[in-house]
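**Q** Using the sequences provided together with the hints, build the complete structure.
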Amino acid sequence: MTYRRDSLVLGAAVGVLGVSFGVLAEGAGLGVLKTCVLSLTVFTGASQFAAVGVADAGGSIGATLGPALLLAARNVAYGVAMAPIVGRSPLARRLVAAQLVVDETTAMATAQRDPGARAGAFWFTGAAIYGFWNAGTLIGALAGTSLGDPEALGIDAAFPAGFVALVAPHLRSAPGRVAGAVGAVTALGLVPFVAPGLPVVVAAAAVVPARLFSESPRSGEAHEGDPVTPP
Amino acid sequence: MTWLAIAALAGGAYLLKVLGLVSLGPRSLMGRPLVVVALLPAALLPALIVVQTFTVERSLRLDARAVGLAVACVAAWRKAPFALVVIAAAASTAATRALAA
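Each protein sequence line maps, in turn, to chains B and F.
The numbers in the working numbering rise by one with no breaks, and the one at position 85 of the first sequence is 85.
The numbers in the working numbering rise by one with no breaks, and the one at position 45 of the second sequence is 45.
Worth double-checking, as some hints may not be accurate.
[As the list claims (entries may be wrong)] Label-pair ranges, simulated between beta-carbon atoms:
(1) 15/F to 63/B: 34 to 42 angstroms
(2) 120/B to 66/F: 30 to 38 angstroms
(3) 5/B to 58/F: 17 to 25 angstroms
(4) 66/F to 93/B: 35 to 43 angstroms
(5) 33/F to 58/B: 40 to 48 angstroms
(6) 11/F to 212/B: 32 to 40 angstroms
(7) 56/F to 88/B: 35 to 43 angstroms
(8) 96/B to 63/F: 35 to 43 angstroms
(9) 70/F to 33/B: 41 to 49 angstroms
(10) 205/B to 101/F: 16 to 24 angstroms
(11) 84/F to 113/B: 17 to 25 angstroms
(12) 152/B to 11/F: 16 to 24 angstroms
It is worth saying that the hints were derived from the structure and are not from the lab.
Ideal Cβ placement from N, Cα and C applies to all residues, glycine included.
**A** Right, dumping it as structure tokens:
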């Protein structure tokens, strides 16, 4: 179960980022309680940073919510991707699972080669990063001043690196490689032209050419239902 | 931020997360649609990686993060343990920044 150890590594990086969020939000005048409630209830890092930034600059609720929710929009696609893995659970459990549907949990769960390990990886990673994110937020909000600059520690490079390791299993199939290449180029090409958050959402459309590719005569049937079919 | 704004943000963020998870019924989780669903992380994660590495807001930017990404790619390709991939990327980005400063 390497996902347990790997989750804690991701969790540690999330915790450091949580500290810097706590410092930022507290510094923006939110106070410790509001800062911690944000992390407990929103639990979407990029959205929280964006919301606090806009609100601190004097933005209205509308101006705060729009950019923040756009950065969270990719979670819809993650929810769809997680549906085969946790979507058969009882409704109450799915409603709890939903709060944990973010980049890290989706990446860790879908990276598991053993389909039976995917739900466990989702829940373990979700619990780990939820714990670290909120503990970090509390520490940052209480300390008030940064314990260290996350950028000086290279934390912003830790997340894409983790996703590189976790996306590797997806790139073993030809359709996966097409989806990845088209998705990356699409997102990067859109960045200068659309609001932040949208490029990654639109990249989901890369599954269409990838799917067409998987229907080509030579590679088609080998990918049908494998390795994604649930037990 | 008011409590109302916090509640609206929390509600909106949760709605987005729950939408995908409950909108697909068990029937749509079989056969061909499942193949498309399984390709979603393959499309989204590389997009997220390049956006997190090569952009600042709405501009493209090549900086120390690219060093970390290159190190991560080599480490992952050599099948290094997950922790090593992450730590090597962060350390190389941090070192590049320290040297450039």
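**Q** Taking the beta carbons of residue 66/F and residue 93/B, is their distance inside 35 to 43 angstroms?
**A** Hint holds: Cβ distance 41 angstroms, inside 35 to 43 angstroms.
**Q** With respect to the beta-carbon atoms only, verify the hint that residue 33/F and residue 58/B lie 40 to 48 angstroms apart.
**A** Cβ of residue 33/F to Cβ of residue 58/B: about 45 angstroms, so the range 40 to 48 angstroms holds.
**Q** If I claimed the Cβ atoms of residue 56/F and residue 88/B lie 35 to 43 angstroms apart, would that claim hold in this structure?
**A** Between residue 56/F and residue 88/B, where Cβ atoms are some 41 angstroms apart, the hint holds.
**Q** Residue 120/B and residue 66/F, beta-carbon distance inside 30 to 38 angstroms?
**A** The hinted range 30 to 38 angstroms holds for residue 120/B and residue 66/F, with Cβ atoms some 34 angstroms apart.
**Q** Using the Cβ atoms, figure out if residue 11/F sits within 32 to 40 angstroms of residue 212/B.
**A** At 38 angstroms between Cβs, range holds.
**Q** Given the hint of 16 to 24 angstroms, check if residue 205/B and residue 101/F actually sit that far apart at their C-beta atoms.
**A** violated, 40 angstroms
**Q** In this structure, is the beta-carbon distance linking residue 84/F and residue 113/B contained in 17 to 25 angstroms?
**A** Holds, since residue 84/F and residue 113/B (Cβ atoms, about 19 angstroms apart) stay within the stated range.
**Q** Could you check the hint for me, namely that residue 70/F and residue 33/B are 41 to 49 angstroms apart, CB to CB?
**A** holds, 42 angstroms
**Q** Is the gap between the beta carbons of residue 152/B and residue 11/F within 16 to 24 angstroms?
**A** Hint violated: Cβ distance 35 angstroms, outside 16 to 24 angstroms.
**Q** For the hint 17 to 25 angstroms, verify it against the beta carbon of residue 5/B and that of residue 58/F.
**A** violated, 37 angstroms
**Q** Holds or violated: 34 to 42 angstroms for the Cβ distance of residue 15/F and residue 63/B?
**A** The hinted range 34 to 42 angstroms is violated for residue 15/F and residue 63/B, with Cβ atoms some 19 angstroms apart.
**Q** Could you say whether the range 35 to 43 angstroms given as a hint is met by the Cβ separation of residue 96/B and residue 63/F?
**A** holds, 39 angstroms
The structure fails hints 1, 3, 10, 12 (numbered hints given earlier, in ascending order).
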